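Peer 1: Going down the list, the protein sequences come from chains A, B and C.
For the first sequence, numbering that gives the first Met the number 0 assigns the number 155 to the last residue and increments by one with no breaks.
For the second sequence, numbering that gives the first Met the number 0 assigns the number 155 to the last residue and increments by one with no breaks.
For the third sequence, numbering that gives the first Met the number 0 assigns the number 155 to the last residue and increments by one with no breaks.
These are computed hints drawn from the structure, not numbers from a lab.
Please note: incorrect hints may appear among the correct ones.
The list treats identical chains as one, so a pair stands whether inside a single copy or across any two.
[Claimed, not checked] In silico BS3-like pairs for lysine-lysine, Cα to Cα no more than 30 Å straight-line:
hint: 1; residue 1: K138; residue 2: K35
hint: 2; residue 1: K110; residue 2: K138
hint: 3; residue 1: K110; residue 2: K35
hint: 4; residue 1: K90; residue 2: K35
hint: 5; residue 1: K29; residue 2: K90
hint: 6; residue 1: K29; residue 2: K4
Since the model is a prediction, treat every value here as computed from it, not as a measurement.
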Amino acid sequence: MDSNKVVENIYLLVVVTLISVVQNAFFAQKVERECKNHQTHTAAFERVSCTNRNCMDAYPTFLAVMWCAGLCLSQAPAAFAGIIYLMVRQKYFAGYLGQTSQSTPGYLFGKRIIFFLFLMCIVGIFNYLLLRYYGSDYKEYVQTITGAASALLLLP
Amino acid sequence: MDSNKVVENIYLLVVVTLISVVQNAFFAQKVERECKNHQTHTAAFERVSCTNRNCMDAYPTFLAVMWCAGLCLSQAPAAFAGIIYLMVRQKYFAGYLGQTSQSTPGYLFGKRIIFFLFLMCIVGIFNYLLLRYYGSDYKEYVQTITGAASALLLLP
Amino acid sequence: MDSNKVVENIYLLVVVTLISVVQNAFFAQKVERECKNHQTHTAAFERVSCTNRNCMDAYPTFLAVMWCAGLCLSQAPAAFAGIIYLMVRQKYFAGYLGQTSQSTPGYLFGKRIIFFLFLMCIVGIFNYLLLRYYGSDYKEYVQTITGAASALLLLP
């Protein structure tokens with residue numbers, strides 16, 4: 000049952016990863032449809048292609064931070080932050096595809112969520128080092144606080 | 000020897016990852032050579048660069064799904080599907096670089112394989128939840144079925 | 000304490016990943032600032048955007064190889080090589096943004112480090128297979144040699 004113990008610690012992260020893969024496929028299909036409709040590179044194609052590229056550029060960073068946070072500290076808040084990130088990304092994609100006249104959102108998005116996950120990693124490693132050199136384990140407390148703090152991500 | 004137990008569960012996935020890295024390096028070298036040959040951005044450079052980008056866009060998605068499938072269910076079918084994906088990608092790259100007059104393949108490729116790996120992840124998580132809440136473990140059966148089903152990927 | 004045992008084996012890799020994320024954010028901010036300053040796509044924007052893309056193209060490959068090397072063999076040399084890779088990347092980014100007149104560096108960078116990490120993976124898997132089929136474990140020796148060899152990466 001060793002394998003099941005592994006799954007126990009990562010299954011929420013896997014679920015979020017799968018949802019992000021579905022979203023990637025959705026984005027890619029949008030690009031492909033736009034590409035097939037128009038033989039010439041229109042403004043619409045440029046826009047959808049650029050949006051997709053911005054999302055894809057940030058994707059490995061997001062995955063890496065989410066998995067590190069999930070492995071180092073606790074998976075539930077990390078997966079929750081991941082879900083919110085995916086929602087922000089969806090909104091970003093939709094916003095980018097809007098009217099050209101309106102100002103497009105910038106290159107970056109979801110900075111707050113990435114920062115939260117980043118912080119989780121640091122806290123997790125710090126806690127591990129504390130445990131190793133001083134023998135004091137605050138993981139329980141930290142996990143509770145992180146769980147509560149992740150709710151703050153819902154603020155607009 | 001704890002580390003060796005970790006290696007036991009992932010070594011096939013690592014092998015596929017390494018092969019994919021070699022392939023990435025091969026693609027990148029093609030781009031670099033084309034880039035050096037021609038100071039101006041020719042059509043050939045555009046094409047090889049675009050192909051490489053399409054491949055790179057899909058790469059994190061592929062890696063994430065393959066590793067999740069390998070960790071959640073069983074590594075041999077996941078690694079096998081990964082190998083086939085790499086072969087499809089090679090063919091895609093070669094096809095893209097062909098004559099401009101012939102229709103280039105679309106933006107997406109290897110959808111079937113990604114879908115298969117995706118399904119493996121879902122089955123793995125579902126099996127874990129079944130085990131957790133009902134105590135019934137079908138992992139043995141599922142792994143056998145998955146191993147057999149992965150042969151279907153060989154169909155053209 | 001199972002989770003802490005996981006953290007023990009990966010915490011250096013997580014630290015390097017976090018540093019790489021900070022670097023990614025730094026690159027992305029450079030792109031965003033350039034993008035906002037100039038409404039039209041200037042040569043400077045083209046250059047910073049292209050550099051960022053080259054770095055991002057290689058990023059998943061780097062992450063995958065570093066983590067595989069760290070998991071298969073030993074994390075300290077892998078993390079050390081990762082740090083050096085990040086330094087090379089920083090230099091690449093700065094060099095690319097220099098004068099247009101001077102020759103820009105090529106599409107690829109950090110080949111030596113990727114190759115070193117690649118070799119670590121192969122050695123790790125080879126050692127595992129030796130252990131499995133012949134029962135002889137050279138991991139201790141190999142880890143010592145790898146640690147020493149990683150110092151060679153400091154050579155310019």
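Peer 1: Provide an ascending list of the numbers of those earlier hints which the structure does not satisfy.
Peer 2: 1 and 6
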